[in-house]
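Asks: Sequence:
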Amino acid sequence: MTHHRPTRARSLVALTAATAALLSTTALAATTPATAAAPRDSVITGVRGVPATVARGDAFTLRIGMRNPGRASSRPTHVSARLSRDAKPSGDDMVVGYALAPALRKGATGTTRMTVEVPEWVTSRYTLLVCTAKACTAAGTLRFPPPIRDLDGTLTGDLTFTDHGDESGSGHSERWDHTQTLSVDLAMAGKDVASTDIQSSMSTWGYSGTSRRTDTDPWCTQVVDETRDGSGTVEWDGDPDTDDIWADLADFDLREMSLGTRTFFDAAVHDVSSGREDCTWDRRSTWRGADVTSLDLVEVARTPSSRTYAVESWVGEDNTPSDWDAVEGTLVLSLDRSYGN
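Add 287 to a position in the sequence shown, counting from 1, and you land on the number used in the numbering used here.
No wet-lab data here; the hints were simulated from the structure.
Check before you lean on any hint, since a few could be wrong.
25 Å max Cα-Cα, derived SDA-like pairs, lysine to any residue [as the list claims (entries may be wrong)]:
#1 Lys375 to Glu404
#2 Lys478 to Gly547
#3 Lys421 to Thr449
#4 Lys375 to Ala395
Construct the complete structure from the given sequences, taking the supplied hints into account.
Replies: So this is what it looks like as structure tokens:
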């Protein structure tokens, strides 16, 4: 009897037949009641936490009620927040939040938190949709004013800069007290916020201060007193290379702006040393200094025709740390007409 070795082709035929049988069995099993309770997404039952008013750039937290309606534990459910112009989910929606709701047992409920971040550039009216892969729930309506056009206004107000301190160590002590006042008076105009520039300035400043430094060793005592004084109108002629005041509206809804100034002072120094003969003197000198400060301002109040700003942060020249300990006061941008609130 002759024995024939099975060919690879026959082996593949047998494997294919077996695979087909397995797939057929799996498909049949998928239709049986035993798998009808396979894990599925939970559903949204409600949304809380939508603020009554929202501004561009704001963030807020939603509390989303979830329920598992299935007959088995649900799988973790992807939930998104969308801004929709027509209150219907579509590819044009802006996704502004995302969360992964945890799995729930059969019939269980739970709450998922989601942070919503509103883009800086949105305008008009949107419906806030909170969606799973299967369905969306309308959580509320968010309204944003249109961009400001043809801006014309005046920025006025007073700011006070202070720098007080003292320090001491072995044979050394120093104390200082410096104050600057800035009275801002700027006319600003432009076709839109991005193109708004200073049109004129009548801003003024005043600077005053004193300091004393004392150094002592067994042979000598040196005392250096300094007085600073300065005042005048902040130079402005529309040339960015020479202007001593500048401003920029950083947000097209006027919620933020920046302001920079360069001011000057004259310092008189009296340097007196006493003790041994080689360290005894009485000297006087003068020098001229400048202060450059860049301020970030944020809106703290508004009406349809005005915005009020307070100082949020400040730095010195070339973004170096500023010598000023505090900057206090508010500035008001008075607009030539109402732009909505």
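Asks: Are the hints correct? Go through all of them and say.
Replies: Hints, one by one, checked against the model:
{"no.": "1", "hint": "Lys375 to Glu404", "verdict": "holds (20 Å)"}
{"no.": "2", "hint": "Lys478 to Gly547", "verdict": "holds (22 Å)"}
{"no.": "3", "hint": "Lys421 to Thr449", "verdict": "violated (59 Å)"}
{"no.": "4", "hint": "Lys375 to Ala395", "verdict": "violated (28 Å)"}
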